[in-house]
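Residue numbering for the sequence shown follows our numbering, starting at 37 and increasing by one per position.
Hints in this document: simulated from the structure, not taken from any laboratory.
Built from N, CA and C at the ideal position, the CB exists for glycine as well.
There's no promise every hint is true.
Simulated crosslink set (SDA-like; lysine to any residue; CA at most 25 Å straight-line) [to be verified]: (1) K314 with V287; (2) K314 with A368; (3) K374 with T451.
With beta-carbon atoms standing in for the labels, derived distance ranges [as the list claims (entries may be wrong)]: (4) P244 with P184: 58 to 66 Å; (5) G171 with I516: 31 to 39 Å; (6) W519 with G260: 39 to 47 Å; (7) G171 with V408: 15 to 23 Å; (8) W519 with F55: 18 to 26 Å; (9) G526 with N258: 54 to 62 Å; (10) W519 with P552: 24 to 32 Å; (11) W343 with G372: 44 to 52 Å; (12) M214 with I509: 38 to 46 Å; (13) K143 with I273: 37 to 45 Å; (14) L353 with V550: 46 to 54 Å.
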Amino acid sequence: MVSHTSHQEPWKFKDYFTFNTDHKVIGIQYLVTAFFFYLIGGLMAVAIRTELATPDADFIDPNLYNAFMTNHGTIMIFLWIVPSAIGGFGNYLVPLMVGARDMAFPKLNAIAFWLNPPAGLLLLASFFFGGSQSGWTAYPPLSLITAPIAQSLWILAIVLVGTSSILGSINFVITILMMKVPSMKWDQVPLFCWAILATSILALLSTPVLAAGLVLLLFDINFGTSFFKPDAGGNVIIYQHLFWFYSHPAVYLMILPIFGIMSEVIPTHARKPIFGYKAIAYSSVAICVVGLFVWVHHMFTSGTPGWMRMFFTISTLIVAVPTGVKIFGWVATLWGGKIRFTSAMLFAIGLLSMFVMGGLSGVTMGTAPFDVHVHDTYYVVAHFHYVLFGGSVFGIYSGIYHWFPKITGKIMNETWGKIHFILTFIGTNLTFLPMHELGLQGMPRRVAMYDPQFISLNQICTVGAFILAISVIPFAYNAINSWFNGESAGDNPWKSLTLEWTTSSPPIIENWEVLPVVTHGPYDYGHQQDEV
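Full structure from sequences and hints, please.
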């Protein structure tokens with residue numbers, strides 16, 4: 037299944053702009069492309085928060101505000117977090133971690149990546165037609181009547197990204213199940229690979245449902261059908277079910293790979309075996325299963341009957357259990373460890389605090405009586421960003437600092453890394469913590485104009501957003517400067533025990549001259565195999 041290449045010279049800079057089938061090149065392509073769109077989505081966020089510094093619409097046109105708000109969320113989810121966490125880290129690391137020379141289907145892997153840049157261009161092109169203005173959920177009837185050409189481009193972009201996700205997920209499942217080295221037992225598979233396996237299965241089950249709903253919406257906009265047109269007998273609630281059946285599992289598509297990154301970074305930098313390996317591995321599978329049965333908690337205010345509210349309240353609270361298993365496992369691993377406060381570890385610990393905050397607010401919203409009162413307020417925005425920015429983005433940063441030596445052979449500057457962490461941590465809390473209070477006081481989300489009583493808290497949020505924007509500068513400088521001028525890292529600067537560190541840094545084209553033999557567990561720190 038693996039296409040072996042005769043190319044033995046290191047890849048040149050130009051090779052990263054071509055249709056390359058090397059999983060490591062594809063992983064870097066994903067990461068760099070996703071970061072480019074992160075910058076674009078971040079600029080939209082800065083524009084949004086600048087507008088919200090005052091109660092009146094005095095910075096950007098309200099229609100442009102709606103377009104920025106819609107595409108900020110879309111870009112951050114579909115073109116930043118998902119491609120970087122799954123496509124970037126997954127592609128680069130999974131074959132190395134299981135002892136394979138490449139992914140199972142290298143050409144399919146390259147196709148999956150090259151669907152993403154056109155999707156991003158379609159989203160940006162939609163601004164020439166007014167921009168999609170219906171929110172990242174694209175609920176009808178609003179999505180049927182505002183900027184139809186822009187909305188159609190938005191739909192095509194998401195379908196392309198979804199197709200990429202399906203192709204990549206097939207590749208990950210086959211690679212992990214069929215291509216790990218024979219000497220690797222299932223209880224020696226790195227937890228990052230368990231997380232990617234669960235993520236891929238979840239994507240395969242849920243993504244086609246979103247694609248079907250969006251295609252039907254596209255037909256309603258352009259071809260006169262009435263699947264979701266209420267004035268023509270269509271049902272808007274059906275669209276919500278189709279959308280959220282994918283889009284709540286999408287939260288786990290974004291966070292499960294990050295959980296996998298946490299499970300690699302924490303034991304390595306704490307020099308201690310992971311606590312509860314099997315519990316953490318199986319909890320990824322449990323999240324995959326239970327995560328398919330919680331989507332209606334987004335629809336508690338959509339005329340949902342009482343029995344359905346009760347069922348999905350219970351399932352929502354249940355899904356917190358396997359997540360809690362991971363949290364307690366990481367905390368127990370840190371307890372008594374010889375912690376090295378590297379930049380990677382700081383972002384991992386920061387993620388713990390951010391995600392616990394987001395998780396607690398998620399539990400409150402998972403209960404129908406409370407959710408009815410805070411639905412469509414800034415409380416939801418606060419929860420969402422603590423989970424996905426404080427969770428996913430902190431995890432992506434942690435992973436970059438941890439595996440940067442493997443990817444480049446250079447180590448990132450720790451002083452700049454700590455400055456980056458401090459700015460990001462302060463900016464995140466300043467931006468999103470006051471939003472809880474805004475929501476509890478009743479400020480609606482997704483609007484450019486608001487009651488003047490909310491001005492003080494909004495200005496604090498805006499200051500935090502500018503700090504977050506500034507925090508990207510030391511990171512970008514550190515990454516670029518370290519790549520070209522950084523200190524040589526050696527093959528394994530962290531003395532890590534997973535297989536990707538048994539080859540050179542950066543790895544040769546086919547990863548190893550001779551495939552490795554697994555002789556110990558991936559987290560046996562403190563045992564004889566640990567060289568520290």
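Each hint, compared with the structure:
no.	hint	result
1	K314 with V287	holds, 23 Å
2	K314 with A368	holds, 14 Å
3	K374 with T451	holds, 20 Å
4	P244 with P184: 58 to 66 Å	violated, 25 Å
5	G171 with I516: 31 to 39 Å	holds, 35 Å
6	W519 with G260: 39 to 47 Å	violated, 53 Å
7	G171 with V408: 15 to 23 Å	holds, 20 Å
8	W519 with F55: 18 to 26 Å	holds, 23 Å
9	G526 with N258: 54 to 62 Å	holds, 57 Å
10	W519 with P552: 24 to 32 Å	holds, 27 Å
11	W343 with G372: 44 to 52 Å	holds, 47 Å
12	M214 with I509: 38 to 46 Å	holds, 43 Å
13	K143 with I273: 37 to 45 Å	holds, 41 Å
14	L353 with V550: 46 to 54 Å	holds, 50 Å
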